[in-house]
Amino acid sequence: MSGGTSSARAQPAPAWGGAGWLDTLGAWMLALLWVLPLAYAVWTAFHPGEYSTRFELLAPLTLENFARAWAAAPFGRYFVNTALLVTMILACQLVLSTLAAYAFARFEFPFKRVLFALVLVQLMIMPDVLLVENYKTMARLGLVDTLLAIGLPYFASAFAIFLLRQTFMGVPRELDEAARVEGASPLQVLWRVYVPLARPVYVAFALVSVSYHWNNFLWPLVITNSVESRPLTVGLQVFSSTDQGIDWSIITAATLMSAAPLLVAFLLFQRQFVQSFMRAGIK
Amino acid sequence: MPVLQPAAVSLGVEAAAVSPGSHLPRGAGPAAAHAWLMLLPAFVLLVAFTHYPAVATLIDSFHSTPKGNRPAVWVGLENYQVMLEDPVFWKALRNNAWFAIVTIPASIALALLMALWVNERIAGRAFLRMAYFTPTVLPMVAVANIWLFFYTPQYGLLEQVRGAFGLPAQNWLGDQATALGAVTAVAVWKEAGFFMIFYLAALQSLNPSLREAAAIEGASRWTFFWRVQWPLLMPTTLFVMVNAVINAVRMVDHVVVLTRGGPDNASTLLLYHLYEVGFKFWDTGYAAALTVVLLALLAATALFQFFVLDRKVHYK
Chain P
28 MSGGTSSARA QPAPAWGGAG WLDTLGAWML ALLWVLPLAY AVWTAFHPGE YSTRFELLAP
88 LTLENFARAW AAAPFGRYFV NTALLVTMIL ACQLVLSTLA AYAFARFEFP FKRVLFALVL
148 VQLMIMPDVL LVENYKTMAR LGLVDTLLAI GLPYFASAFA IFLLRQTFMG VPRELDEAAR
208 VEGASPLQVL WRVYVPLARP VYVAFALVSV SYHWNNFLWP LVITNSVESR PLTVGLQVFS
268 STDQGIDWSI ITAATLMSAA PLLVAFLLFQ RQFVQSFMRA GIK
Chain D
9 MPVLQPAAVS LGVEAAAVSP GSHLPRGAGP AAAHAWLMLL PAFVLLVAFT HYPAVATLID
69 SFHSTPKGNR PAVWVGLENY QVMLEDPVFW KALRNNAWFA IVTIPASIAL ALLMALWVNE
129 RIAGRAFLRM AYFTPTVLPM VAVANIWLFF YTPQYGLLEQ VRGAFGLPAQ NWLGDQATAL
189 GAVTAVAVWK EAGFFMIFYL AALQSLNPSL REAAAIEGAS RWTFFWRVQW PLLMPTTLFV
249 MVNAVINAVR MVDHVVVLTR GGPDNASTLL LYHLYEVGFK FWDTGYAAAL TVVLLALLAA
309 TALFQFFVLD RKVHYK
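Protein chains in written order, with the working numbering: chain P, 28 to 310; chain D, 9 to 324.
For reference, chain P alone in the conformation it holds in the complex (with noise of 0.2 Å):
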C-alpha cells in the first residue's frame, strides 16, 4: 500500500506513506530466513528420525526424541542448576547495585567520582576476558566446580549500578525530603521511596540479566566440570558434542529444551522482552 490518505486535500501524498510491495517482499523474506534454523530444529525435534533431513507434509508428530534426549542426560539437574544460578545472580545483583547506586546517586563523600569511574570499568574490562585470573581466584578460594563460583564475578554488576544511579537521580528530592522529615533512615527512605519508584528499571534489568545468564556459555564451562555444578549451556555442549554421536532428532531436542524458557517467555512478553532490552541499552 503505498500513497495514502490526502488526495482530498492539496496536499501531495507521500510516495512513500507505508510500505511498497518490494519492502514487505523484502521484508517478509528477511523474517522467513531469520527464523528457518528455528523452524527447521522444530520440524527436526518434533519428527522421528527418518524425516529429520525429509520434508514431508504428512510425518508423523512423535515427542519421543524430547522423552529420549531428557533421559540419556541429566538435563533435569542442569535446568535446577540454571534456575538457582539466575535466580542468585540477580538477588545479589539488584540488592549490591542498589545500595551502591543510592550513594552515588545522593551522597557525597571523598573520592565519589574516582569511585564511579571505576564501577564504569566493568563495563568495558567484562569478566568474561579475565577468566585465566579468576580461575586462578577461584581455586584459591576452593570453589571450582561450585554454583557459587560461576556467579560470583557478576554479583556486582557495574551495568545495573549505572542504570539505577541514574534512575535514583531523577527521583524529586522533595519525596526523599519529606521522608526524612518523617524521621526515615537512609535506608528506609531507599526502601520506601527510591525502590518502589525505579521498578519498571528493576524489571528491565531483570529481563536482560536472567537471559544473559541463562545463556551464559564460556566462564561456566571453563569453572565447572561435573554434572552437580554444570549449567544448561555446558550440559547442553557436553550432550551434544560427546554423548550422542550426530542423532539430530535428539540434539534439537536437547536445544530446544534448553531454549524453551526463554523463548516462551519471550514469546509471551514479548513487548516487556524488547521494551527492557531498549531500555537498558540506552543511556
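Everything labelled a hint here was simulated from the structure, so no lab data went into it. A hint or two may mislead.
Said to hold, decoys possible - So the derived label-pair ranges between C-beta atoms look like this:
id : chain 1 : residue 1 : chain 2 : residue 2 : range
1  : D       : GLN89     : P       : MET196    : 24 to 32 Å
2  : D       : GLN162    : P       : ASN252    : 51 to 59 Å
3  : D       : ALA172    : P       : LEU175    : 45 to 53 Å
Stated by the list, open to error - Simulated coverage check for chain D against chain P, where a stretch passes if three residues somewhere in it have a Cβ under 8 Å from a Cβ of chain P:
id : region
4  : 78-86
5  : 119-130
Nothing here was measured: the structure is a model prediction, and the numbers come from that model. Quick reminder that beta carbons are idealized off the backbone N, C-alpha and C, glycines included.
Based on these hints, arrange chain D on the given structure of chain P.
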C-alpha cells in the same frame, strides 16, 4: 562521634540541624560513612573480579607458567616473544579482524533495514519484529547447535537446497575457505535483531513532522532517509557500533560449538585461542599475555568511545 551510628539523621534534632535533602554538605562524616558502607559489598566484588584480575594478568604476563613445584619466575617479555612467534596467534588476530570487519557493518546495516521496515505500516509487523528479535533471546550454544545441523554435509538443509539446484557438495564448516564465513554468518544472524531495537527506539522518537515536511517538499524516500533519518540516527549507530566491536571480541560460544577453531585454525578467534591456551594447554603465563592483548583492544575501544564519540556526536 561514632561513625557507624545507624541513621544519625533519624534523630529528630539532628535532622532539623542538617539541612534536609542534602545528606551532607561537606563530604565527610556519618553520611559519607553510610555511603561507603553501601558501596562496600559491590566494591569488594568489583575489585576482586575485575580490577585485581586485570592487574594480575599484566603481572602474570611477565612471568613463566608455574609447573609442578616450580613456581613462576620473572621472564620479562618472553611470553610476548612467544606470542609474536605463535602462528596461531597471528591467524586468530587476522580472523578476528575479518570477523569484526564483516559482522559489524553487516549486522548494523541489517538492523537498520529491519528497523526501517518494522517502523512502517507493514503487513504482519508483529510477526516480523518477533522473527528478527528471536535469535537475541536464545542461548548462543543452542542456536549454534541448530546451525551446525543446518551446515551439515550431505543432509544439512543448506546442502539439500544446493543439491536441489544441482550445485556440488560443500562442507561448510570443514573447509578452510568457508569455515570462518560460516561462523560469521551465525554471529550476524544473532546480533542484527538485537541492534534493531535500538534503531527502532530511535526512529520512534524522531519528530513525525519531519516526515510530513519532507513529503510536502517532494523528497523521495531515499533522500528522506539519507538526508534526515540517517544523520539523526548517528548517535544510535555509534552506540550500536561500540557494542558490536565489544561483541566481536567477546563472541566465541558459537566457535566452540561449530568448529572449535578449525579446520587447521581457519576459524579461530582471539578469545577462543586464549581459552585453548589457558584451559587446554594450561599455559597460564602465555594466556596472561594474550589476555593483555584483549584488554588493550577493549581499552582502546573504551577510550575511543569516551574521547571521540561522546564529545562529537550530539544531535539533541
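Unsatisfied constraints (hint numbers, rising): 1, 2 and 4
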